[in-house]
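Q: If you want the building blocks of each chain, they are given just below.
Protein chains: 2
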Amino acid sequence: MSILFNNVTIIGVGLIGGSLAKVLKTKGLARSITGSGRSRASLEQALRMGVIDHIGQGAGYGVEDADLVVLASPVGSFEKIAREIAPHLKKGAVLTDVGSVKGSLARMLESILLPDRHYVPAHPIAGREKSGVAEAIDTLFDGRRCILTPTKNTDKTALEKVRELWSATGAVVSIMDADLHDRVFAAVSHLPHVAAFAMICAIAELNTGTDDYLDFSGAGFRDFTRIAASSPEMWRDICLLNRENLIPMIDRYVFSLNRFKREIIAGDGKRLEKHLQLASDVRRGLK
Amino acid sequence: MSILFNNVTIIGVGLIGGSLAKVLKTKGLARSITGSGRSRASLEQALRMGVIDHIGQGAGYGVEDADLVVLASPVGSFEKIAREIAPHLKKGAVLTDVGSVKGSLARMLESILLPDRHYVPAHPIAGREKSGVAEAIDTLFDGRRCILTPTKNTDKTALEKVRELWSATGAVVSIMDADLHDRVFAAVSHLPHVAAFAMICAIAELNTGTDDYLDFSGAGFRDFTRIAASSPEMWRDICLLNRENLIPMIDRYVFSLNRFKREIIAGDGKRLEKHLQLASDVRRGLK
Numbered sequence: 001m002s003i004l005f006n007n008v009t010i011i012g013v014g015l016i017g018g019s020l021a022k023v024l025k026t027k028g029l030a031r032s033i034t035g036s037g038r039s040r041a042s043l044e045q046a047l048r049m050g051v052i053d054h055i056g057q058g059a060g061y062g063v064e065d066a067d068l069v070v071l072a073s074p075v076g077s078f079e080k081i082a083r084e085i086a087p088h089l090k091k092g093a094v095l096t097d098v099g100s101v102k103g104s105l106a107r108m109l110e111s112i113l114l115p116d117r118h119y120v121p122a123h124p125i126a127g128r129e130k131s132g133v134a135e136a137i138d139t140l141f142d143g144r145r146c147i148l149t150p151t152k153n154t155d156k157t158a159l160e161k162v163r164e165l166w167s168a169t170g171a172v173v174s175i176m177d178a179d180l181h182d183r184v185f186a187a188v189s190h191l192p193h194v195a196a197f198a199m200i201c202a203i204a205e206l207n208t209g210t211d212d213y214l215d216f217s218g219a220g221f222r223d224f225t226r227i228a229a230s231s232p233e234m235w236r237d238i239c240l241l242n243r244e245n246l247i248p249m250i251d252r253y254v255f256s257l258n259r260f261k262r263e264i265i266a267g268d269g270k271r272l273e274k275h276l277q278l279a280s281d282v283r284r285g286l287k
Numbered sequence: 001m002s003i004l005f006n007n008v009t010i011i012g013v014g015l016i017g018g019s020l021a022k023v024l025k026t027k028g029l030a031r032s033i034t035g036s037g038r039s040r041a042s043l044e045q046a047l048r049m050g051v052i053d054h055i056g057q058g059a060g061y062g063v064e065d066a067d068l069v070v071l072a073s074p075v076g077s078f079e080k081i082a083r084e085i086a087p088h089l090k091k092g093a094v095l096t097d098v099g100s101v102k103g104s105l106a107r108m109l110e111s112i113l114l115p116d117r118h119y120v121p122a123h124p125i126a127g128r129e130k131s132g133v134a135e136a137i138d139t140l141f142d143g144r145r146c147i148l149t150p151t152k153n154t155d156k157t158a159l160e161k162v163r164e165l166w167s168a169t170g171a172v173v174s175i176m177d178a179d180l181h182d183r184v185f186a187a188v189s190h191l192p193h194v195a196a197f198a199m200i201c202a203i204a205e206l207n208t209g210t211d212d213y214l215d216f217s218g219a220g221f222r223d224f225t226r227i228a229a230s231s232p233e234m235w236r237d238i239c240l241l242n243r244e245n246l247i248p249m250i251d252r253y254v255f256s257l258n259r260f261k262r263e264i265i266a267g268d269g270k271r272l273e274k275h276l277q278l279a280s281d282v283r284r285g286l287k
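Those sequence lines, one after another, are chains H and G.
Residues in the first sequence are numbered from 1 upward in steps of one, following my numbering.
Residues in the second sequence are numbered from 1 upward in steps of one, following my numbering.
Honestly, I wouldn't trust all of these hints.
Since the list gives no way to pick one copy over another, a pair counts as held whenever it fits inside one copy or between any two copies.
List of simulated lysine-lysine pairs, BS3-like, C-alpha gap at most 30 Å [as the list claims (entries may be wrong)]:
{"#": "1", "residue 1": "K274", "residue 2": "K152"}
{"#": "2", "residue 1": "K130", "residue 2": "K152"}
{"#": "3", "residue 1": "K90", "residue 2": "K152"}
{"#": "4", "residue 1": "K80", "residue 2": "K274"}
{"#": "5", "residue 1": "K80", "residue 2": "K270"}
{"#": "6", "residue 1": "K161", "residue 2": "K27"}
{"#": "7", "residue 1": "K130", "residue 2": "K161"}
{"#": "8", "residue 1": "K27", "residue 2": "K270"}
{"#": "9", "residue 1": "K161", "residue 2": "K91"}
{"#": "10", "residue 1": "K90", "residue 2": "K25"}
{"#": "11", "residue 1": "K274", "residue 2": "K91"}
{"#": "12", "residue 1": "K25", "residue 2": "K270"}
{"#": "13", "residue 1": "K274", "residue 2": "K130"}
{"#": "14", "residue 1": "K91", "residue 2": "K270"}
{"#": "15", "residue 1": "K25", "residue 2": "K274"}
{"#": "16", "residue 1": "K161", "residue 2": "K270"}
FYI, nobody ran anything at the bench for these hints, they're computed from the structure.
Chain H on its own, in the form it takes in the complex (with noise of 0.2 Å):
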């Protein structure tokens, strides 16, 4: 494939920032790549692994030459560092981020760049318990989903740019709106992972004398809880930057719970059977 930005500088280059490195590697995207992020270590390893050409500590670094800024620290990081950055970026640089909240996070980085540099927001679908540079592969996105979530001011070269990357990196690139995804992905990935989280909490500390309750959990029980194994502190961020959206996930879920809760004190095995059949019957239903 032929370049696509000159100079690219990832802020944090942790699993998706070093995968997303390894990929315009590979593929020859980009003519050069700076990491830079908190911790020289990992940076460090970058580099030895070959993921990028350049690094430097504090997120300022090499962005005035950078074609595109990825930001793929925590989310939580993101405020503070664009307006870092923003009076350094030059004319026409892109800034994107892989992000899994977007709606009013999204609209205030948008509002911190400067005239003529464009803020595309993305969300790599590809998250996984494992995390840092070490577990960065080049095909971390292939097939999986990435969505764009533009607003009416983003401009539509710099769009249309982050989309050819991602294509490039073997995603299915989708637009989405960005309250939308927010809501979306409260359901469907945030909840399960504090679900998951939660539920480690509530048994972590039992135990039956001489054993841990965990000494005898099975297969499905490692299935369930392996989410749980994520990044506390990018959780920490998803968690309170999308609260608006996953409160009222957790309170659905907790009903859902409760119902099931009221069906087995009352004895009610029909209705229970019912609801347990709806789950079962729509997550056969999934691939």
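Given chain H, put chain G in place with the hints provided.
A: Same frame as chain H, now just chain G:
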């Protein structure tokens, strides 16, 4: 290996019953295997698959000559079946089961048998989201736990033979108090199943206007809810029969969810991250 039981009757030839029959056949642990149960179609399928030698509908079929009878139908059917077959079991016959609930259910089953008939409660931890005899494999129990919950009345010889049976399947056999078993599995198995079923119920009816929310679910959601594809009938019975332990576990889980909710509403990133970190550390510690 050598014959452990001459005539074995398995009541309920689904995933578990069928897989056990397969092991008995493959390893030559029984001279003759009879299958009985409600569904003529699945018994005939088991016969065609060569999993069992004889079939008969109705739980009572083939129990007169049985040296071992295995209850492998949903746990809600155990009491009725035990009452039906009890008068027909020969002296020295062993009754066992593969149910996920023990405790008072097991004590009741024990009390139903005539003198010189021996009940050994067993629980192989080998469930999958798949069910039905078509999914039966003779490696299902290999390396998995099988828990026996004998009472003070359990016949030692019968216990030893059932232990040998499960060891022969490749399972790691252990002994546990029946009530402790029910508390532990309410936490690490029954609660997660209810939680997964409840999650699907909570999300299933949401739609974006054009798509279901579930169209946007990723690998994490699929892992999290895989166990919700399990048999509704089986889980209805487990929920109802272990309600005494399950209800406090649902309450504990809802408490844990609501604690996250409060921390998110309060914007208390520090406490939120602490609890996420705790869960993440524990989950990473599981194999």
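Q: Each of the hints needs a verdict: does it hold here or not?
A: Do the hints match the structure? See the list:
Taking the shortest alpha-carbon separations for K274 and K152, neither the intra-copy value of 45 Å nor the inter-copy value of 39 Å comes in at or below 30 Å. Taking the shortest Cα distances, K130 and K152 never come within 30 Å of each other, neither inside one copy (35 Å) nor across copies (47 Å). Taking the shortest alpha-carbon separations for K90 and K152, only the intra-copy value of 22 Å comes in at or below 30 Å, while the best inter-copy value is 80 Å. For the homomeric pair K80 and K274, the shortest alpha-carbon distance between copies (23 Å) is at most 30 Å, but the shortest distance inside one copy (49 Å) is not.
In the homo-oligomer, the alpha carbons of K80 and K270 lie at most 30 Å apart only across protomers (18 Å), although the nearest pairing inside one protomer, at 54 Å, exceeds that limit. Proximity of K161 and K27 under a CA criterion of 30 Å is satisfied intra-copy only: 15 Å inside one chain copy versus 62 Å between copies. For the identical chains of this complex, K130 and K161 are intra-copy neighbours only, at 29 Å inside a copy versus 44 Å across copies, given an alpha-carbon limit of 30 Å. With identical chains, the CA atoms of K27 and K270 are never at most 30 Å apart, being 57 Å at best within one copy and 40 Å at best between copies.
In the homo-oligomer, the alpha carbons of K161 and K91 lie at most 30 Å apart inside one protomer (16 Å), although the nearest pairing across protomers, at 80 Å, exceeds that limit. Only within a single protomer do K90 and K25 lie at most 30 Å apart by alpha-carbon distance; the minimum there is 23 Å, versus 74 Å between protomers. Taking the shortest Cα distances, K274 and K91 never come within 30 Å of each other, neither inside one copy (60 Å) nor across copies (41 Å). Taking the shortest alpha-carbon separations for K25 and K270, neither the intra-copy value of 58 Å nor the inter-copy value of 37 Å comes in at or below 30 Å.
Taking the shortest Cα distances, K274 and K130 sit within 30 Å of each other only across copies (19 Å), while inside one copy they are farther apart (37 Å). Taking the shortest Cα distances, K91 and K270 never come within 30 Å of each other, neither inside one copy (65 Å) nor across copies (38 Å). For a Cα distance limit of 30 Å, the shortest separation of K25 from K274 qualifies neither inside one copy, at 52 Å, nor across copies, at 37 Å. For the homomeric pair K161 and K270, neither the shortest alpha-carbon distance inside one copy (55 Å) nor that between copies (38 Å) is at most 30 Å.
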